[in-house]
Amino acid sequence: MGQKQNKTMIVDATDQAAGNGLMNRRFFLNSALATGAAVVGGSAALAQETTVGEGQEDWTLYPGDDAPEYGELSQFEVGRVKKFVAPPTGGRTASSAGRTPLHLLHGTITPSGLHFEVTHHGIPDVDPDKHQMVVHGMVKQPLKWGVEQLENYPTVTRQHFLECSGNGRVCWAQPKPDQNFMYMTHGLVSGSEWTGVPLSTLLDEAGVSKDAKWVIAEGGDSGSLSRSIPIDKAMNDSMVAIYQNGERLRPSQGYPMRILNPGFEGNTSVKWVRSLYVTDKPVMSRFETSKYTDKLHDGKSLQFSLEMDVKSVITRPSNAVALEKKGMYEITGLAWSGKGKIAKVEVSADGGKTWAEAAVEGPVQSIMLTRFRIPWMYEGRPAVLQSRATDEFGRVQPTRKALLAARGKQAYYHYHAIHSWSVNARGKIRHVYA
Amino acid sequence: MRGGKSDMYMRKTLIAALLLAGSAVAMAQESRFGEPATQADIDKRFWSVFPDGTNLPDGQGTAVAGAEIFELQCHACHKNPPDEASEFEPEDPADVLFGGHGTIGTDGALATVGSYWPYSTTVFNYVRRAMPYTSPMSLTNSEYYSITAYLLYKNDIIEEDTVLNKETLPGIKMPNSDGFINAYPEVPEKYRTK
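Protein chains in written order, with the working numbering: chain B, 1 to 434; chain P, 1 to 194.
For the record, the hints were derived by calculation from the structure and aren't laboratory data.
All the given hints hold, so there is nothing to weed out.
Under the rule of at most 20 Å between Cα atoms (straight-line distance), these lysine to aspartate or glutamate pairs were calculated in the DMTMM-like manner:
| # | chain 1 | residue 1 | chain 2 | residue 2 |
| --- | --- | --- | --- | --- |
| 1 | P | Lys44 | B | Asp125 |
| 2 | B | Lys281 | P | Glu186 |
| 3 | P | Lys194 | B | Asp298 |
In isolation and in its complexed conformation, chain B is listed as follows (with noise of 0.2 Å):
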């Protein structure tokens, strides 16, 4: 039999960090050490002898499974953790998109089946055995490798976020702040340790011209997706991603071979490569004219808005739960950005009146996600809740009031606003704009 602890937790006026029942970052820490030092004394009475094991679940009394060559979810898992693949509303699009659930995870790292995708084209079923890619165009010699081939090069191997330009778009014109738990506002983030060959050897291997400006990424999707990458960023920290968290990519996620661009819009890092031309100019391809340039409110659009912006959103709690008692809670969730690390999460729980800095869980890793906490003491009176990160640039992410007076409503891509959750006083949890 269990024993019962009884917790109490006495707040005391000066933990208190921010307005309505913000506490300082340190709170829980204090408070565990409180509870733990107290020791709950017991005492068992013998009754008559039966086997000891009386009351234990099966699963506790017979050997389970063996080792499998796979390792699978729980039963009790699959089904609910899973993303969301509905096709975003308003007309036929054979783009598909699966979208993470951010509110159901933790840590910094998504696990690569729940991992986002945005597919212009579907997911091709590539044979490793036939894909190779060139690198031609302003080069001393074309070269061309094949997954294997790569596989002999030295490698890296770091941890990035991937950000569909497209994240949250249903924040800039929706009259109505959206309601799909995360998925539409944020579920288009993910973080992952990728590994692969530094773009610079392979170029650096062909010889590129110093007059060269541009790399022109294609892939071997039907729709042979591709964007033009600047040479400065192919040469500083673009990779040619071979692995993600450890295993070979993911079909969905560009298998055999992708590029990364750590920081920039996801769709720059072309999946299933297969060609890269190296030239002076940009391609101005369908993604980088068409899609993807964020129209104003002037009538003029941003193109080659590439870098991500900085960015953070409370994991939970979210409107997926609702709070069914008053007491303390623990506000958690993710900071990121483009440019580097994340210098600072700040959290309201009274719209932005008053802020606390939240806890940032280390190591704090450049254009990784990043995870904040800070305790919270909900007394049953309405809330709403905020953060808002700040980079080692000092780059802060916005009020969404502030983004739509610099761009308009059409901007469609590049939204990276304070996000806002209303408590209230039931416990109940909406996403507001604020």
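Dock chain P against chain B, hints included.
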């Protein structure tokens, strides 16, 4: 010791050695694990055509031939131009390809080939590699020039009999060619939040 005489000497010989080696192997430097790519390897994988006409293929077409191709190959998924009555229109159409002129910058922005696309070559570039959606690359280069001509003609950009080929296509100016602002490496100040 920094900048000493022997240091200087070392550096000079090193540079000389590098120069020698450089000129000797400049062309012969080998890739560690890559293989030389042949023109056939490249042609199979390289579909990009550029605004200045780079890599446009031979062949040619006009909107007259394009109209027929549109009806057969595209209309199942894309709506007809507004001026063409037809018994059939797709119920659940893919991207609108015609019209929307003057709507960019308004709340009812309709971005189409005519109202939004800044380069004529992008139309050929994308349609050839990706359309018809379920059978991309299934037409000839001349047919792709023809369907490009039809899309431009029905967006009031060229005449019905304008011949498109690798010489003429790059010269066609699109209505929204001045509509884009470069945001790399930074979004211009004006559109940044304070």
